[in-house]
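A.B. asks: As given, the protein sequences belong to chains G and B, one line each in that order.
Numbering of the first sequence is given in this note's numbering, commencing with residue 73 and proceeding in unit increments.
Numbering of the second sequence is given in this note's numbering, commencing with residue 101 and proceeding in unit increments.
All clues given are correct.
Short, incomplete list of chain B residues facing chain G, as computed with Cβ under 8 Å: (1) S139; (2) A140; (3) V147.
Quick caveat, the hints were computed from the structure, so don't treat them as lab data.
Even for Gly, the Cβ is constructed at its ideal location relative to N, Cα and C.
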Amino acid sequence: MDGDGELVGLDVDRAQLALFIRANLITVIGAVIGLLVLSATIVRSAWFVLDAVAVAGVVVSLLVARRWLDGNRTGRALTLLAVADFVVAIVTTAITPVILPVTTLVVVLPVIVILPFLGRRRLLATSVSAIAAAVVLTVVAAAHVVHGPQELAPAWLKHALVIVFVPVVTGLILLNAWRSHLGLVTRSAELRRSRSRIVVAADRARSQIERDLHDGAQQRLTAVAIRLGLVQRLIERDPVRASALLSELDGELHETIAELRDLAHGIYPPLLGQRGLVEALAAAARRSPVSTTVAATDVGRYRADVETAIYFCCLEAMQNATKHAAANEIRVNLDSRKGELAFSVTDDGVGFDPTSTISGTGLAHMADRLGAAGGTLTVRSASGDGTTVHGRVEIDAVPGL
Amino acid sequence: MRRSGAGTTETAARRRDDGSVHEGAVAVMVVDDQRAFRSAAASVIEVTDGFTLVAEAVSGEQAVRLASERMLDLVLMDVNMPGIGGIEAAKAIHHVARDVVVVLVSTYEPSDLPADVHRSGRAYLHKERLDPDVLKALWDGRGSRRDR
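The whole structure should be built from the sequences, with the hints applied where relevant.
C.D. replies: Written out as structure tokens, the structure reads:
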């Protein structure tokens, strides 16, 4: 994502989440060091070492979450982040109940952080878990099960911890709330723009169909009508010429039929509706002037808007590879697993610099089209190193939730 | 120029600087970026007595150039073409060869045409209706404003 030639497209939120994880890693590693220093100097208690181990567990979970995030397993990464947060809050409160005001705020943090990524059900589950964690915290603090560390710590240190960390964690929550707000504002502005681009593209497509019909089939049929009139006029007077005109008509009509067939096919490929993505893309691959293979794993039938969006994204990517990338080979992959349908179109062509080419190309239209079906698009390319267009759509996702 | 056939007969030899004169027939140029219509119009002109196809142009610009180079009587000019288009080309031809009759043609119904087609005062012909009789009638009326 950092200048390695990858386009994040609609994945801005995920990039922010990765940034959040990185910032958290630094903070949590600092906390582990702080706790170890504390246990070795001011408060000589093994419990702080245990607390440091619990916080170190958060470091591990953050690293795993980052890995899952890179592997497009966002949901799993978010769950891990929330659980690690709850566990460390409970352990810390058990060891030092005086820290309860801070840890209460800490359990609210994951809800705020992951807000932009969750559907209604998961958000509800996370919120209920946060409330449960807050109840456990209060009980653990009241029970005061671990004696020692809190009693060993000087009063100024306990006050200082609460005075410093309550505003810090409150600040973090507000920062994330602000980030979520900005994210939503950006997303709504992007939705407005993409909606307008989709309308413009649809109008342009209709206008193109009108032009194709007018300049193609209509002109040819007009010419046929004119010649038929002549044939009618000449058939008795000059049968030889009439016959010559008829054979011209035959050629013209066949060209018209072929043109109408191509045009109809471009509007909606018949195999897509009848047999689904795999057969429709295999047919497109056979028509492609560049050697193209289509591989599919567990791909069945899906909502019409999903199938159409993926078909036209793949087709556009194949056409780009043929027209602009001078590719020798194109590979199309379709893969359906865990409620997600993913596709990729990879070519061995000249590639391009995605940071300079994203706007004003078919890529924006592809992202819009996939976005309207509830999916996201990623383009990886570098000059001289081919291009991979990758997209995914959650099959059971309801757009807007 | 001499024109014979059904309808009026007229002598109106126009002579250009190069001294070329069309021998009797009405000299027609067909202007269209679509090959299909140019070729069908050529067939109509070929079988119409007293008319001869002297030029074909694929754009308004080429039509204007040809109009200044050749002896023409009648131009069948498509309205919609890339570049200057039929209406502008007709105006430009009027400047270089005032006597040439330009008839605008297209596959649109008159109601779907831009207003400047009607304002141009030129005859308009739906391509589909082109046949030898219509061609003669257009010439006899000298491209008078009448949508066909």
